[in-house]
Amino acid sequence: MGKTIIEKIMAKAVGKSEVSPGEYVQFSASRIDHPFILTGTDMSERFGKWKSQDWTLFDPSKIIFAPEHCGSYTRVGSTTTNRENHRRNSNWLKQLGVADENILELGRIGNCHHLAVEKALALPGSVYFSAMTDGHAITVGGVGCFGSCMSASAPAFLRTGWTWFRVPESIKFNITGKLQDGVMGRDVYEYILGQIGPTGAIYQVMEFTGPVMDSMSMDGRQSMCCLAMFTGAKTGIVNPSQGIIDFFKARTKVHFEPQYSDKDAKYIKTYNYDGSKIEPQVVVPPDRHLVHNIKDVEGTPVTNAFLGSCASGRDEDLRMAARILKGRKVHPKVLFNITPGSTDSMSRVDKEGVISTLLDAGCFICAPGCGMCPGFYTPLAKNEVCITSSTTNLPGRMGDESAQVYLGSAATVAASAIEGKITDPRKYL
Amino acid sequence: MALKFKGNVWVFGDNLDVDYEIVPFRKFDAGLIKLEDVGNWCMANVDPDFAKKVKKGDIMVAGTNMGCGHDHFQANLAIKQCGIACVIAESFDRNFFRNSIAVGLPIVELKGINEFAKAGNELEVDLHAGTINNLTTGKALKFTPFPDFLQEILEVGGMDPYADKLVAAGKVKK
Ligand code: SF4
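Just so you know, the protein sequences line up as chains W and E, in that order. Take the first sequence: its position 79, counting from 1, is numbered 79 in the working numbering, and each next residue is one higher. Take the second sequence: its position 66, counting from 1, is numbered 66 in the working numbering, and each next residue is one higher.
Think of the hints as simulated: they come from the structure by calculation, not from any bench. Cβ atoms here follow ideal geometry from the backbone N, Cα and C, with glycine treated the same way. Any given hint could be a false lead.
Unchecked claim - Below, a list of computed lysine to any residue pairs in the SDA-like style, where the Cα atoms sit at most 20 Å apart: (1) E:K165 / W:L57; (2) W:K333 / W:K382; (3) W:K326 / W:D181; (4) E:K171 / W:G15; (5) E:K142 / W:E23; (6) E:K55 / E:E124; (7) E:K111 / W:Y203; (8) E:K165 / W:S30; (9) E:K171 / W:F165.
Stated by the list, open to error - Computed footprint of chain E on chain W, listed as stretches where at least three residues anywhere in the stretch have a Cβ under 8 Å from a Cβ of chain E: (10) 156 to 165; (11) 195 to 203; (12) 227 to 237.
Said to hold, decoys possible - Interface residues of chain E toward chain W, partial, derived using beta-carbon atoms under 7 Å: (13) Y20; (14) F25; (15) R26; (16) R94; (17) D160; (18) L166.
Next comes chain W alone, as it looks inside the complex:
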């Protein structure tokens, strides 16, 4: 019987010839011979006792350390300065044997899930772990990698290299046709969420396939996988394209073996959607699963726009915003915060003139990282209304609890920033 991509990746990672859904497996990091674990300042701060113990790391060479997981030191309401935390933690990790080049500094970083791919920690066919509180490690499903966050198991994992997994069932989402211009990977995911609801894929894997996925960029695939948790899924995953394999070959000397689902793999369900019919989607406050076609909410006034987070802020998102804003201005009443996901991404699109187009339009460009998603830089004030391409819209997530957060694609965010109200991006393309 055939196997799904996730079953093949997990079997390989735990050294078994095959694994099946429902099985609990034990993983030992000694099987992986390249750096594949990312950790950051905030993790150790939340575990005060971590540092008071007489500690050893199971293998310092497999660990990359980055400032915050958010790529900044600017935490709203923080009582100690994160810069001090970072200094203390990086000194401490150094003592534990982490090499200088594995300790990243501002200027070489970004949001951790962007880093996982940019720094080739997450490789097609392999596993990648975030040793922080960071469920969006699943973003790397977009490059055909199984990503997982260790969260509360992180300290134990860093000490022992040992952890466990439950092998998930897979659901197949077959998306046919061709997306309209201005409809992005983000819209496809939200559309699916609207169809299957917040419990539609609990503890299961969402495997996205079909012609729409085949032609979707690596950036769009990552956006979709990043969000998979909002349908309850363990992760989203896409069989990697040749373009993705080439991207990693150019970035790393590490040998990797991409995995692909077998034709006769077993799925517990298959959904078929016609991608050409998908409209831009908007999630409305206060719940993460209230998904609408854009025409239902068009015209809703906004005071803020934010483009960024692990769900967005990649090359394609920044280019899309620049394409829409070129020769136009952000509405005078709107603060449009754009936070590129990583330094690499910002630098790449800068060479194409994207950043200066955005600046000319009146956007506020922040240092690469998570940006406003957890309330950094320009947190929402009382009663502000924001349209954003970030991950979630729970009350208080991006600032004051009275602020309203609408979620949409980078295209929708940019078009709405121009008009000061939720706007269908297709009219600007």
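Following the hints, put chain E with the ligand in place on chain W, whose structure we already have.
What follows is chain E with the ligand alone, placed relative to chain W:
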């Protein structure tokens, strides 16, 4: 700790988000809620008095997709700290499931629990045997117990003490 519990049931609904229903994220992130006393905020947005009313050893019953949203383990700690001995739900969010084992909060995933256990019922749960008895109604349910290594993690109180054991036993590279 033997993996056996007896306590009164508190019932909550479906889709409880770790950052809203279980612990208010903004207050936590702003440092207004400390990890040491996060138990006092457990379910504060649903029932502000819950942490005061709950008794040590009580049992929480939830619906589908328990602990959805981000993987913030303060939610699991809050439930454990406020005295809940065990959480039983129709289904769990994946991150919440893992974090519960990691912090040593016993959980049981069991379809039909909402029909079986009502608020105020007294339940007896045996994680090792895979049984739940409703002492109020006299009914019983069975479930597949966790594999031994997961039971052991819960028995010693979570992943940190378990790692201590592994390291002490020389089972991992030092
Ligand atoms: S962008 Fe938001 S959801 Fe993503 S890692 Fe940062 S804070 Fe978490």
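Here's how the hints hold up against the structure:
Between K165 of chain E and L57 of chain W the alpha-carbon distance is near 15 Å, which keeps this suggested pair within the 20 Å criterion. Distance restraint check for K333 of chain W and K382 of chain W: the Cα-Cα separation of roughly 16 Å lies within the 20 Å cut-off, and the hinted pair is therefore satisfied. In summary, the hint linking K326 of chain W to D181 of chain W is supported, as the alpha carbons are separated by about 17 Å, within the 20 Å threshold. Between K171 of chain E and G15 of chain W, the direct Cα distance comes to roughly 18 Å. Compliance with the 20 Å bound is thereby established for this hinted pair.
Under the criterion of a C-alpha separation no larger than 20 Å, the hint pairing K142 of chain E with E23 of chain W is consistent with the structure, at around 19 Å. Between K55 of chain E and E124 of chain E the CA atoms are separated by roughly 15 Å; this keeps the pair inside 20 Å, and the hint holds. Only pairs whose Cα atoms come within 20 Å are accepted, and K111 of chain E paired with Y203 of chain W is accepted, the gap being roughly 14 Å. Pair hint K165 of chain E plus S30 of chain W holds up; C-alpha atoms about 19 Å apart against a cutoff of 20 Å.
Restraint check for K171 of chain E and F165 of chain W: satisfied, since their Cα atoms lie roughly 19 Å apart, inside the 20 Å limit. Look at the region 156 to 165 of chain W against chain E: 7 of its residues bring a Cβ nearer than 8 Å to a Cβ of that chain, three or more, so the hint holds. Counting residues of the region 195 to 203 of chain W whose C-beta lies closer than 8 Å to any C-beta of chain E gives 4; at least three are required, and the coverage claim holds. Only residues whose C-beta sits within less than 8 Å of a C-beta in chain E count toward coverage, and the region 227 to 237 of chain W has 5 of them, enough to reach three; the restraint holds.
This hint holds: Y20 of chain E has a C-beta 5 Å from the nearest C-beta of chain W, less than the 7 Å allowed. Nearest Cβ of chain W to the Cβ of F25 of chain E: about 6 Å, under the 7 Å cut. The hint holds. With its C-beta approaching chain W no nearer than about 3 Å, R26 of chain E sits inside the 7 Å limit, and its interface hint holds. Restraint check, R94 of chain E versus chain W: the minimum CB separation of about 4 Å is within 7 Å; hint holds.
Interface restraint check for D160 of chain E: the shortest CB-CB distance to chain W comes to about 6 Å, inside 7 Å, so the restraint holds. Interface hint status for L166 of chain E: upheld, as the beta-carbon distance to the closest one in chain W is roughly 5 Å, under 7 Å.
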